[in-house]
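J.: Two chains, two frames, a set of hints: combine them into the complex.
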Amino acid sequence: MPVQAEIEHLLRRTEFAARPARVTELMALPTLADAVNNVLDFTPNANPQLRADLVTHNNNDSFTQRVAAYHWWIDMMATRPRPLQEKMTLFWHGHFVSEWDVVGRTDQMMEQNQLFRNMAVGDFKALTHAMSLQPAMLIYLSNGVNVKGSPNQNFARELLELFTIGIGNYLEDDVAETARAWTGHNYNGTTRAYEFRTNSHDFGDKTIFGVRRNWNGPEVIDEILLNNPVLRSLAAKFVARKMWEYFAYLDPAQNIVDDLATVFVANNLSVLELMRALLNRPEFYSPSATQGLVRTPTEWAVALMVQTGLSATTIKVWDYAESMGQRIFDPPNVAGWKANGYWMTTSALSGRANLAKRVASLLRLNGGFDNLITMSVAQSVDLVANYFGVALSAVTRQSLIDAHQAERIASNGTNSKAITNLLVMTMLTAEMNVASTA
Amino acid sequence: MLDPDISTEDALHLLSRPDLGDEPTGPRGWTRRTFLQAIGAGVFGGAAVGTIAGEFFGGDIPDAWAGTPIGANDGIVIVVTLYGGYDGLNTFVPFGDANYYSKRANIAIPQNQVLAVNSSVGFAPQLTYLKALYDAGQVAAIQGTGYANPDLSHFTSMAIWMNGRFGGGPASTGWVGRWLDGQPASSADLAAASLDSSVPLHMQGAVRRAAGIPPNGGMFGFDNTPSDQRMYSGLRAMSTVGGGRGVLHDTFNQTMRRQLDLATEVSPAFRAALPGGGELTRELTIAARLINANLGLRVFDVSRGGFDTHDNQNNALPGLLVDLNAGLQAFYATLQPQWQNRVTLLVMSEFGRTPASNNSGGTDHGTSNTSFVIGSNVRGGLYGQMPSLTALDRNGRMQSYVDFRWIYGTLLDSWMGGGATTILNGGYQNLGLFHTGPGAASPTVTPVVLGPSVASGFVSTAPQRVFDTRDGTGGASGRTSPLQAGEAWAFPFAGQYGIPTDATAVALNLTAVDATLPTYVSVWPGGTLKPFTANLNPRPGLAVPNLVIGQLGPAGTLSFYNNSGSVNLVADIVGYFTPSSNLRLRALTPARLLDTRDGTGEVLGAVAGGSTINLKVTDRGGVPANAKAVALNVTVTEPTSGSFLTVFPTGETRPLASSVNMVPGQTVPNMVFARVGTDGKVSIYNNSGAAHVVIDVVAAFADNAPGRLVAVQPARVLDTREGIGAPLAKLAQTPLVVKLTGQAGIPSSGVSAVLMNVTAVTPDANTFITVYPTGGDRPLASNLNAVAGQVIPNMVLARVGADGSVAIYNNAGSVDMVADVMGYFTT
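Respectively, the protein sequence lines represent chains A and B.
For the first sequence, this note's numbering begins at 1 and goes up steadily by one.
For the second sequence, this note's numbering begins at 1 and goes up steadily by one.
With the rest of the complex left out, here is chain B (with noise of 0.2 Å):
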C-alpha cells in the first residue's frame, strides 16, 4: 500500500459506513454510532448531500476571488503533509539507542552517515539542507509527536490529524479550513491553497476551503486572447444562473466559476520554468512564487505520497527526503527576503512508523513521530521526547508525549492571529516555538545553499594576483589584515579581473603565510552556508598553497574561513569558468613530462634560483596540440632553501605570483592549472636555491572536448577519523575504495572526473598517496607527499572507474585521508 494520497474526503468517506446495527466500540474508544454522528456532517460522504454541500458552499461566498494583500504582521504557514506515514526513526535518527539498530538491523542508518545535531540524535544523511537550516537554529524537532489511543489505519489517522479537534469530530472539516472560516469574508476567499488536483480535509472548513492549483501549470484561464477572454466571460455567465438541477448542479458551476478567477490570479507564478526533481520541489517553488505575489494567500498545502514503506525501505525512503531536503532548499532560494520572517513550514504525516523492522526490510505503521516546524523566527532545538523504543504499547507501538494539536494551537495563536481555543475544540499547551511573531526581526540568517553550477568551460589566464592580506592588494575589496580565528571574509571576482559576471566558478592558487597556529582555511561560494571542509592546513613557518576551484555564489564571491590563530591569505587567479567557453577537459591518465632527476623533459639537473626552464606540454603524455591549457601535478624535491616555482606560459611577462612554496629538504606537490605559451611550452622559475622539479600532466584542456566543469558546494565525502565515506580506520597499504558519484552533488553517470581536495592527516611515516579510478592498475605517480607528522593538502582531479569509484593507495606506514569535492567534470 504505497503512496496513500489522502485528499478531501477519504477518511471520511471511507468511514462514513452504513450503521450496521450493533455498537462495537471503535478503535478510539468511540462507538461506531457516536462517530458516525461525529462525522454525519460529512461533505460528500456523510449525509444527504442536498443539505450538506448546501451548508458546505453557502451562498455567502463572493463570486470574485479577488486576493488581498498580506499584512506586514500576518504570518504565512506551508503545511508539508508527506501521505503514507513517513518513518521518523530513519529521518531524525536516534543513533545513540542501541535499540535503534538492534530493532531495525537490516535499515538502521549506520552512525557514521548521521548528521549528528547531538551526541544522540541527527538528521538522515540526504536531509542536508535540513541540517544547515537546524544548525541555524531554524528548525524545531518535536520528538514523540502523536495523541492518545492512536490508530493505525492511514484514514482514520490522517482524518484525526487533519482533523485537530480535541475530542475528535465532526471530521467534516479540518483544522486550517476552520482557521479560513474565521477570516474576514474580504481576506478569506483566496487565502488558502492546495498545490494538488484536489483539497485535502484539513484545507476544508464549514463554510470556506482552499482553492486547488495544479502544480504541473497549465492551468485553463491562462490564455488570454480576446476571444479566450470572452469564452471566459460567457463561462462566468453561464456558471452563474441557476439550473433547478440540484446541489451537484450548482456546485459545479461555482467551481467552474474559482478555477478562472484563480486562473487569473496564480498565472504569473507559473510563467518562469519550474525546477526538476520531485513534486516537493516542485511545490515548494511554487508555494514560494505565490508567496512573493502577495496574493493574499496564507497557508499552502503541499503533498508527496509514497511514504508507507512496508518493504525495501531503504530503495524508497532516500529519494523521498532527497525531495524533501531540496524542496526547503528550493523554497528558501525562491522566497524574496522580504518573506523570510513571515513564513513558517510544519512537516507532517499521519503516524510514524514501527521501531522494529520487518523482514520485507520495511517498517510496519506505528504511531508517535518526529515532527518538523521550520522557519527564520523559529526557535530552534530539541522539543518533547524520544520515545523508548522497547517500552512500547500493546501493540508494539512508541508512546506519544506531544499532541499534535500543541502544534497546531502554538501555530494558530503564536504565528497565524489567534484562535487556537475555539479552532481545536479545548485548549493546549503553547510549545513556545516561535522567537518572535511575523515580521519581527528574524534571529538568525537563513541558509542559502547553492545547486550544482552550469556545465560551464574553462578559460585559462596568465597567473595574477588578485588579493595579498599582508598588503592590501585587492582594490576596494582587499584588505591589509590577516583573518582572524573564525573569521569568515568575501571576496568578489566576477566582473573583475577580466572574469565575466557570468562566470561560475574560478581557479585560484591559493596561498597561506604568517600562520600563528596550525589551522585550516575553508573556500565556499560567498553568500552560502560554511561546508565543513578544508582546502589548506597551514602551520607556523611554512607558506602553504593549493589550487582551489571554487564556485562562485550568487554575488560572485567566494567566501574564506580561518579556523584558528591568524593567517595571511595571497590569491593567484589562474582561470575561471564560464558557461560560454568552449574550452573543456580531457582527463588524461598521468603521464610524467618532466623530471629533473633523470632528464625526463629534457632537462637533467636541479633548477637554479633565478632562472626559468621551459617545458613542452602538447603533443607529450596525451595532451592534444591544440590544448590551450594543462592541469599540472607540480612536485618540488630536495629544495635547497626555502623558495617558490612560478609555472607560467612561456613568452609571456613572468607574474608576481607562486604555484608551489617549498621548505628545504621537504618534498611538496602541488596541483597547477597552466596555461600554454608559444611553441605549446610552460615556464617554470625557480626564485632561490636549487630544486628538483617533478611534473606530471593529469589533464588538458582544449576546444571541443569533453568535459565541462558543473562547480558544487563543497562536501566532505571521505574523513577515515569521522568514518565519513570508509570505515574508521587509518590506511596502510591497501588501496581504498571510495564511491564518489551519487553523492554531494555528483550525479550517478556522466561524471569523467571529480575535482576534490584530498589531505593527508598525520602520517605516522613520511609517505605518498596515490588517487587513481578503480579498475585499472595503480600508476607510478603521486598526489600528494605527506611528511610524517603533519597535515598536506592537494587538489586531485581524479578520474573515476566505471562504478563512479577512486581508489585510493598510500605507500607507506598508515595516515588518516579526507577528501572534499568541489564539482567534477562531466563525459
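The following block holds chain A by itself, in its conformation from the complex (with noise of 0.2 Å):
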C-alpha cells in the first residue's frame, strides 16, 4: 500500500491537486509504482478533441475565441479525469513556445495546442519533427519566410538554443548554416498551411556540426535526435533537465539527470517513458520536491477550480492572468516561462490575491459557508483549509484562528467579511502557493 503523503504529492505534481477520490483510488493500488503507472494512463481522457467553436479562425470574433480558448483550456486541466496529459501540454506550450499575440490565428494557435495535447506524452523527435512544419510554429519564428538568399535565423537559432541542444553546444556557424537548410519551409498565407518551395530552398552545401553538404532543415533534427549520439545524448540530457525542474525542483544532482537521459534514449525519446522514471524516482518525494516548487499561476488556479468546482468562465481567470504573470498561449518570451522567484514579486501576488478575492465573494454568493459562523473559530478555519486542500502547518492555522477570531469581534454579529476574509487569506497561504507539505 502506498504512502498516502507520496500519493498526495504524486497527485498535486501531475493532476494540478489531489482530488480526494483519486487519492482513495490510488491508495487502494498496491504499489507507488502503480500510481504512477495511473497517472500516466491517458485512456480515461478519451482523445479529447478541441471545441468545435474553436477549431476555425473567425476574424470578426478572435479576441471573443481568444478569451474562450484560454477559459476552455483551463477548464480541461481542471476536469480531466488524467489532467496530466494537459498539464504536458501545457509543458510543450512553454517548450516548443507560440505565443498568440504574435501568431494571431486562433485556427493555428489551436491546432498547435492540439498536437501538444495529442503527443503529450509521445515520441519527443515526431513531436520535434512535427511542430517544426506547423503553421503557429512558422509564424512565431518565422521560418514561414525564411527564403534561399538572404536566411532568417530565428527558428534556426531556436532549435538548437532552447528546443533541443541548448546554449553552449554550438557556433553562431551552425546557426547561420542550419537557417539555409530550413530556407523554404514556408507558410502559404493563401492556403494557411506549410509548404515546401522549391525555389526558395537553398540546396548548396552547409557546414553543420561539421558535416557539409547538402542538408535540408528537418535532416538537421534528425541529426540532432536520431543520427549523432553525441547531440542525441545532449538533447536527452537538456529535456530531461527541463521536466524534472518542471515536476520536482531546481537545479537536480546531475546523476539524476545523467540517468533520466539513459532511459530517454534508450526509449528512443519516448517522453512516457521518461515520465515514468522521473515520478519513480525516490529524489521525487524527498523535501526537495515536495517544498521545491511554488504553483505557478494556472497551477494555483486551476487546483481553486478544482477544489471548489467553479469553472474558468465563472470565476473569468482571463481578467486576472495577466497580472499574476501567467497568461497561456501567451508566453512571455520564446523561452517560456520560468520557476518559483519569478512568480514571488509583489506584482503577480498582487495578481493573485484580487483572483482570491474574486473567488471568495462567488462562494459567499447565495449564502455560502454562512454556516461557519455556527462552528467554532477553530472548526471554521479547519473546514476551510480542508476545503482548499490545504495541509497547513500549526503557526499559520494559529495565525488564521486568530485573524478570524479578532474579525468576528470587531464585525459584531455582521459576520459576512469574517468569512470572506477566513476564505481569502486561506486561499494566500504559503502552503497553498507553494502546495508544500511538512
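Everything labelled a hint here was simulated from the structure, so no lab data went into it.
Where hints are given, some of them may not hold.
Below, simulated SDA-like cross-link-like pairs (lysine to any residue); rule was C-alpha separation at most 20 Å, straight line [claimed, not checked]: (1) B:Lys103 - A:Ser150; (2) B:Lys103 - B:Ala391; (3) A:Lys316 - B:Gly217; (4) A:Lys148 - B:Ala356; (5) A:Lys148 - B:Asn359; (6) A:Lys148 - B:Gly361; (7) A:Lys417 - B:Asp228; (8) A:Lys417 - B:Gln229; (9) A:Lys316 - B:Gly218.
T.: Here is the structure:
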C-alpha cells in the first residue's frame, strides 16, 4: 500500500490538486509504481478534441475566441479524468513556444495546442518534426518567410538554443547554416498551410556540426535526435532536466539528469518512459521536491477550480492572468516561463490576491459558507483549509484562527466579512501557493 | 520570436544548463564550466534553492517598506528597457551613409522623413518629442554602444547587459541591484521599482531587489475599509510566522507582506486616470507620479517588448517608437518642475540589429546600437562613433566603440552617488554625459509639447481687437514695440476678452504690418516648444492678414515668433473653441455666395470706399438656416488703393478690425470666420478706394452639426522644398495628393476636415491654388491667389477624401507648396 503523503504529492504535481477521490483510488493500488502508471494512463481522457467553435478562425470575433480558448484549456486542466495530459500539453507549450499575440490565428494556435495534447507523452523526435512545420511555429519564429539568399535565423537559432541541445553546444556558424537548411520550408498565406517551396530552398552545401553537405532542415532534427549519438545525448539531458525542473525542483543533481536521459535515449526518446522514470525516482518524493516548486499562477488557479468546482468562465480567470504573471497562449518570450522566484513578486502576488477575492465573492453568493458562524473559530479554519486542500502548518493555522477570531469580534455579529476574509486568507497561505507539505 | 520580455531569471535559468561533461568554448570565450560556476549563485535557476534564496532574501530586510524622502541632490534614473533588440539604424538613422540605403533598401527611412540633427544622422519620423529634447540639448545619443565578443542570443546578451559586470558573472545580480545593495538600510527599502509583474535581473542585488508594481493598477491592498484593513493585518501576521516548510514558503510570505506595504505606498499614483496608448506611455506616466509622490524611489524600470523585428519591420517598429515618443512626452508633462533636474532616463536593449535587411522586410540580431541618455542636466549631443555599415565582423555585424558599462559607470558616479568601480567590478571611461549633478540648476528648459486638445465647439464673437504692438492695445500684456528678429512673445487669451478659462483654442485674424525684411511669423501654444511652421509671410510695405486657429498653451497663452527684421502684429479675435459649446462645424462643398464682378449675391459692381454691403449667408450654398457663424474665403480683386475689408455681423456696430488687407491691383484672399447677424446676413465694409469682392463659403457652424475642433500642436505636413510629404519638386498643373490623416496628431479616421495653413512659395507665374478632397472633381474655387515671386499663405479648411488625403492644384506655372496643420474637425 502506498504512502498517502506520497500519493498526494504525486497528484498535486501531476494533476494540479490531490482530489480526494483520486487519493482513495490510488491508495487502493498495490504500489506507488502502480499509482504512477495510473496517472500516466490517459485512456479515461478518451482522446479529447478541440471544442468545435475553436477549430476555425473567426476574423470578426477573434478576441472572443482567444478568451474562450484560454478558459476552455484551463477548464480542461481542472476537469479531465487524467489531468497530466493537460499539464504535459502546457509543458510543451512552454517549450515549443508560440505566442497568440504574434501568431494571431485561432485555428493555428489551437491546432498547435492539439498537437501538443495528442503527443503529450509521445515520441519527442516526432513531436519536434511536427511542431517545426506547424503554421503557428512557422509564423512565430519566422521560418514561414525564411528564403534562399536571405536566410532568417530566428527558427534555426531557437531549434538549437531552446528546443534541443541548449546554448554552448553549437557555434554561431551552425545557426547560420541551419537557417540556410530551413529555407523554403515556408508558410503559404493563402492556403494558411505549410508548403515546401523548391525555388526558395537553398540546395547548396552547408556545414552543420562540422559536416559539409546539402542539408535539408528536417535532417538537422534527425541529426540531433537520431543519428548523432553525442547530440542525441545532449538533447536527452536537456529535455530530462527541464522536465525534472517542471515536476520536482530546480537544479537537480547531475546523476538524476544522466539517469533519466539514459532511459529517454534507451526508449527512443519516448516521453512516456521518461515521465515514468521521473515519477518513480525516490528524489521526487524528497522534501526538496515536496517544498521545491511554487505553484504557477495557472496551477494555483486550476487547483482552486478543482477544489471549488467553479469554472474558468465563472471566475473569469483571464481577467487576472496577466497581473498574476502568466497568461497561457501568451508566454513572455520564446523561452517560455520560469519558476519559483519568477512568480513571487509583489505585483504578481497582487494579481493572485485579487483573484482570491473574486473566488471568495463567488463562494459567498447565496449564503455560501454562512454556516461557518455556527461553528467554533478553529472548526471554521479547519473546514476552509480542508475545502481548499491545504495542509496548514501549525503556525499558519494559529494565525488564521487569531485573524478570524478578531474579525468576528470586530464585525460584531455581522459576520459576512469575517467569513469572506477567512476564505481569501486561506487561498493566500504559503501552503496553498507552494503546495508544500511538512 | 517577438515580444521577448526577459525578466528576473530568464537568462540565468536558460544558461543554467546541465554540465554536459565536455568543455566546448561558449560564445563569450568562456568555457561552459567557468560560466556555470560564474552564475552558480543563480537566484532560482542556479544552485540549490535552500541556500541561495536564503542568501538572496537575507534576514536583514526590515518588514515595513517605509519610503525615505529623496535628498535634494539625489539623482533618479529611469531605465527604459526595450526587449528584443531595437533597430538603432531605423531609430537614429545614418541617412548620410549611402550604405544605409543600399543594405536595407526595403526598410530604409527616406532621408526627407528623417528628423535630422545634422547632415548625416537623425531620428525616426515618429520620435518628434525625442528630437525636440535633443534640440533642447537634453539627449546624449551614444552611437556604437555594445561590448566585446558580442553574443547574439537575446537571453545571453540581455543577461550581459543587465548584469553589467566587467569580466562577466556572477550573473545572479544586476547593476542597479548592486547599487541597491550599497544603499543605507533606511533608504534601500523602497529605492527601486519595476513597473512589471516580474522584476528583471538588472533590478536584483545580492540582498535586495526592486519592488514590482503592476502597471495596470488595481493592486491588492488599495481597498481600505476597516474590514480590509483587518485582513491586511491578519495577512501580515500570518506571513510573519515561519512554517518550517522551506525557503520558498518563507519567501512567499515575505513577498506577500511587501506587497501590502507597497500597495499602501503607491496607491495615490493610481487614483487619477492613466493615459491610453502603449505600455511605455502608461508606465512612464506612473513613474513620473511616483517621483512626484517622493516615496524614496530612485530607480525605475519601465519596459516594452516586441522590438525583435525579424520581418515586416516597418509595420511594427513605427508603432513602438510612437509609444516611446509619447511616453517621454507624457513623462515630462506629468513630472512636477522641482524634479526636472533630478531625473535621467536611459534607453537600452540587448543588442542592435543587422545593417542589412532580410527578404522578409526585417532585420536579424545584431550587436552595436545607439543608446540614449536623456535629462535636463544631460550634456546633449553625439557620443561614441557611428559604426561602419560595411566593415563588419565575421558574423556580418557592426563594430562597437562604447562599452555599455561606461554608460552605467557615468550614471552611477555622476548621477547616483558613486560606487561605479565596485558595482561594475572595474574601471570604466566616464563619458561626461552631465553638465551638472542632480538638483543643480538645469542649463536647459525641457520642452513641453501639448497633446491634441479636447474636442471643442465654436463660440463666435464680434471681431474685437485684442492687441496691436504699434500702440500698446492689449492691456497689461500689450506692448508698444515690434517683434524683433528671433523673438518669441506670448500673449494671454484665456480669461480675457470674454474667453473662458476652459477655451482650447482661439480664432484670430492676425495681421503683420511694418515688416522691415521679408520674414515669417509662427504661432503656437504658449509655453510649448516652437514648431517649425509659419502662419504669416510678411514683407516690407504690405500689411498681411491671415486667420489663425491657435491651440492655447497650458497657461492659456499663444506664442508669436518673428524670424527676421522686425514686424508689428495686430490681432482681432473672432471667436474661440470650448468643450462646453454645442456649436459645431458642417464642412461644405465650397459655394460662391458673392461675386461683385457678375452680380452673384445680388451685388454688382466694386464696393466703394466707406460703404458696407450686406450678404445673406444662411439657406445658401448649403449653409443651414440655424447657422450662427460661417467660414468664408474672402477674396479682394482689382482694388484701386490700399485698403482693408471688415466682415462683421449685420445689425451690429462695425468694429475696428480688418479681415482682408489689400494692395492696389493685387488679388488677395483670406479665410474669415464670421458671426451671422440679423436676417442671416453678414456685412462687408471697405475702408477706401473701390474693390471687387468674391466670397466662397466653405463651412458653417450650427448647433448639433457634427464637427468639433481638436486643435493640435502646429506641424508641417508638406514642404516641397524639403521633400516633406511629397517629392522634392515644384508643383505644376498635375494635382498633388497629400495624405493628412494618421500623422501630426490627426487620427486615421473620424476626421471631417483639416485646418491647415497653406502657403504658396515664390511661384514663377501669377496663379491660384485650389485644395479639395481626393476622389472628387476639382471645384471652381480658389484658396490662394499667388503673385509671381511672392510668398502667400492662407488658412484652408480642407475636407479630406475617403483615403484621408487632399489634392492641391496649381493653375499656372510652377510653385513650391507648404502646409502646416493646426487641428481638425471630427465627423
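J.: Identify every previously stated hint that the structure contradicts and give their numbers, smallest first.
T.: none
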